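A.B. asks: Work the whole structure out from these sequences, hints included.
Line by line, the protein sequences are chains A and B. Going by this note's numbering, the first sequence opens with residue 1, and the numbers climb by one from there. Going by this note's numbering, the second sequence opens with residue 1001, and the numbers climb by one from there.
Just so you know, nobody snuck in bad clues.
Computed list of lysine-lysine pairs in DSS-like fashion (alpha-carbon distance at most 30 angstroms, straight line): (1) B:Lys1869 x A:Lys151; (2) A:Lys240 x B:Lys1802; (3) B:Lys1898 x A:Lys102; (4) B:Lys1592 x B:Lys1607; (5) A:Lys154 x B:Lys1895; (6) A:Lys58 x B:Lys1760; (7) A:Lys56 x B:Lys1760.
Output of the computed footprint for chain A on chain B, the stretches with three or more beta carbons under 8 angstroms from beta carbons of chain A: (8) 1850-1863; (9) 1906-1913.
In short, the hints are calculated from the structure, not lab data. These numbers were taken from a predicted model, which means no experiment stands behind them. Note that beta-carbon positions come from the ideal geometry of N, C-alpha and C, so glycine has one too.
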Amino acid sequence: MTKLFTFLFTLIGLISFLGTSAWAYEAIEVTNGGTITGTVKFAGEPPERPMIEPSKDKEVCKPHPASNLIVSKETKGIQYAVAYLADIQKGKPQEKPAENPKFDQKGCEYLPHVLIFPAGSTVDILNSDGILHNVHTFSQANPPINKAQPKFKKVLQEKVEYPEVINVKCDVHTWMNAYWVVTGHPYYAATDENGNFKLENVPPGNYKLGVWHETLGTVTQDVVVKEKEETKVNVEMAPK
Amino acid sequence: MAEKDQEKIFIEAVERKSYGHIYFIITLIGLAMTLWAFWDEVITRRPWKKYQKEFNRFELARAEAELKQAQAKLNTPEYKELEKKLAEAEKDFNSRKGSYRDALRRLKEAKIKLFEVSQEQQFLKSEADEAFYWYSKALHENDKDVLIRKHELDKLEAKVKEMQPEIDKRQSEVAAIEKEIEGIKGNLENLQAEKRKYTTDIEQIRRKIEGIKARPIEIKQIVVEKSLLTNFGNHVDRAERCMTCHVAIDRVGFEDADIPQPFRTHPKRQEIFGRHPIERFGCTLCHAGQGAALTVEQAHNGEQQVKAVHDKDRPIKINHNTEFWSRPLFLGENVQIGCRKCHEIDRGLEEAPRLTQGRRNFEELGCHGCHLVKGYENYPKVGPDLTRVGDKVTADWMFQWIKNPRTFRVETRMPNFLLSDENVEAIVAYLMNVTRGKYLAQAPGQKTENEGTGGQGNGSFSPSLPSYSAVPVALSKNYQPSPERGKELVQSIGCLGCHVIGEGTEVKDEQGNPIKIVPQVDDNGVIRVSVPRKTGRKFGPDLSGIGSKTNFQWLVRWLKDPKSYDPKTPMPNFRLSDEQAQDIAAYLMTLKWDGESKILGLEEKIKDPALIEKGAKLIRNYGCFGCHTIPGMEKEQRIGAELTTFGNKWIAQMSFGNATHIPETWWDWTINKLRNPRIYATEREILRMPNFGLLDEDIKAIAMFLKSLTGEEREIPDYIYKPDPIKMALIQGRELVRQYNCIGCHIIENKGGAIRAFYKPQELNMAPPLLEAGELHEGEKVRHDWLSNFLKNPVPIRPWLKVRMPTFGFSDEEVATLVSYFSVLAKKRFPYELPKEPFLLPNMIQAGARLASSDYLNCFNCHQQGDKKPEGPPEGWAPDLAMATGRLNPDWIVKWIKDPQKIQPGTKMPMFFPDENSGPDDILEGNEEQQILALRDYVLSLGSIPTGKISLAPVKSPEEK
Ligand SMILES: [Cu+2]
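C.D. replies: Structure (structure tokens):
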């Protein structure tokens, strides 16, 4: 039963997050945009990062701390949260990156743990480990894939068409877990190790700022952006 | 003179007296009678004529409108333009007729030449083929002539090649002339064809109009041969003239709801008449009806109003007397009643949903327990076996249960007998007296010679009673059962596929309806719910409150071997260890019922022999043994009225008692009886039927099923549906799948699998497998010999999974039925087809072994290999590849490796060959197709096909059943 409920909640979280990115977005030239800087902090005592002890392929897979909730001991900042403007309808154009976004498998860990890229990009999936991994995506809008990446396969390329948050897992190494945040507009940013993020060149106006985190869910708050000014926001997230 | 005169006067008078007017009147009357007879014969007794005339007028008007439309097209500018272009093209063509004829002649000549050279080459080719044969033979036999043969072959092949330029030349010649001809004709032919489209339309409509005008007004008749069973038991033909008025019933184009009856096309004409051609089946086989009739009122019945033909606003009033007919016409939904006459064999007839619902209600509520119905004589009792119930439940619980079953479990099918407390006590006294100490008393510590055979895993238990003592229930004193571990087990091993445990309205079944239902309580305090279908998670009882009903010891024993308690129970054996059974029992005992209460002094009272005797009388009176096996009641007969021909029952034979407010019709009687079974009771007539707490929907469905009971079923052999073996395998398979509730856990025919809701999407590979969904067909995937062995004796494919396939104890015949069913669903050759033994080439096996090794695809990183377990936790493991040989069909392995996600979305098995560059280049020249075949061959080389006989009982044909 508990399983069912956690599943339902995760699903509801994901869907509500998805819903926000399904907005129709119009690209315009932004000249007088403001900046949102912010910090996402953990409400409460920062938890320890448990160690992941690989149970197979131990010559390659090394013990490493889990990344599903990283809170800085000093600043209480949460890493790998994603801040985004939930209701933005017009803004700077979303530019394709010059280089394909890179997603590496190293020491049986995904790097980066959260990868943000625009819809329509092709992801270069690297296999630095040189052992068998498989890339298994649990997506709704995009067709889910489950492709093997044997040791001789150094790069797999995967085009992702539609915006959504995709959980990526490896079935060979069940602990491997990452998220692809496929964006429909450019106002997305992942937080650094101190929980800081920055959204630049936002057209002045009132917005709903959303912050999503894989373990803590989604919170939203109102934010006002003024011409060429910096708006500071503090977001608190608490365990569910 | 005077005499003479007088005589003359007299004669004159006689002669002069005119009888003309009398004759005239008589003639008139005669004429009138003739006219009347004529009128009566031609008009009065042929009222259908006006319908046919009306229909012809209607159709004629439509055709004339179409004609006008088609003719109007001739005046459009497009048509004028077309004519102009055509005239020009014709003129142009005529002027070049000479060169056209010349070109035709040249074409003929060129074609002849082409034919000649091609044939010559063909002969040479045949000679070369022959030479090739001799050459290969020589090569094969190491003949010394091989070089000579080769030389001959080369010579001939060179000759064939030599001729090619000549042929090409001739071919281009023909093509050139054909093109020239095309040029001369221009687009003349296209234009002609386009014009023809306009004119043929008109021509066709004209012909249609002529046809309608020439159409005679006549009786139309279908003779449905041998379709009527007489009272003397022989079959006679039945003549039907319904189509005399329903002229367009089998014609396309009159489907529109605006078209007045009787002219409309039959609904779903293609579907229904496609399988039941009207020339053979007629109308009344399905629609029934009283017999010959000349007027609308006499021919039809029911409350529905029929739109008049001539005056749409004046509905024809239907004669309500027809409600008293014993064979009324079935219209609308009621026509499903007719289906059962021929389709009795198909229990799940989807085309007649309401009738099927009624039939399921009838069967699952156990109506046949008290009422004899032909065909249900030996249908199993629906309630649990009570032989040993005294060791299962407490007397207090039993009292409360019998008093009002739905206070304990809302969706139970057990009806309320509306008994007084004293009577309930008496029944409890009897049941407890005859059943206590029959199950548990001898168990602890008692060893029998069968001890040990019913243990874990071997799944062999016989349904005969003595074997129950084979289950050891020596509850170890050293073991402390844990309700927490028990709960975990209940939630993971698969119990929830068939049972609900007190879930709120937010939990939905696979159709999206809430699991928990809200009952309606009517004015008399009867709790009414819709009859739950015995399927999915509602197959077994809701286990809420089970801890107040039963006891720990019973639960342990039951869980270890359910058939030891009730040989006919559909509850399977989960091959639990003693500890697991105790943990689960401990958990279930924590599920208490808040309505539980102690009945003061009950235990003392029920020991009273007089009360026990009274209880026996009551059980005989109320017929409890109709649904339950009860010791001491084995010889009792059904207590209710026989219903085999209930559908034909006359209203005069139905007693309405004091219920004068109920209209005296069959339907009203039946529906009110089902809603309130004692409504027709009087002081002199005591009724005993219990109240099933039904809702109107279910009541209507049951009434429809009862209406279908006419005794005609199986009586018109020429018309009875005889499924072909494939359809039969489907019907029988579906019935078994329903009986054992396979779809509680598995998805079969895209239905079921409600248990999957308890798994996260990432964990679905830990759920029971799909069997028949989308691209996945179990019958295609596995070898049928493996499947039959597995069904008999499940050996886990993924022993590390928590959920487990229980042992159902299928009979050989049931196994054969299920295997055939899955074969048919997979569209495999039926009944069985052993996969062809693949011829394994050593080099392919070697290539496959290299591919599978850790240097390449690293298959054994996840797949178990014999005793060698993969690294890491079991969640990441995949089945033993050595099992594939005896289990999987070789062709399926290839399909699977190519695209696992397509067959089983969400599977952990990744796609290794997504494109043409995905395989390693240094194996089999980088050819992915070959690499997949090599993997298959390697996998097949790992295991062996189990030898030994596979016992498969043949599926019985419908005649034998
Ligand atoms: Cu991996």
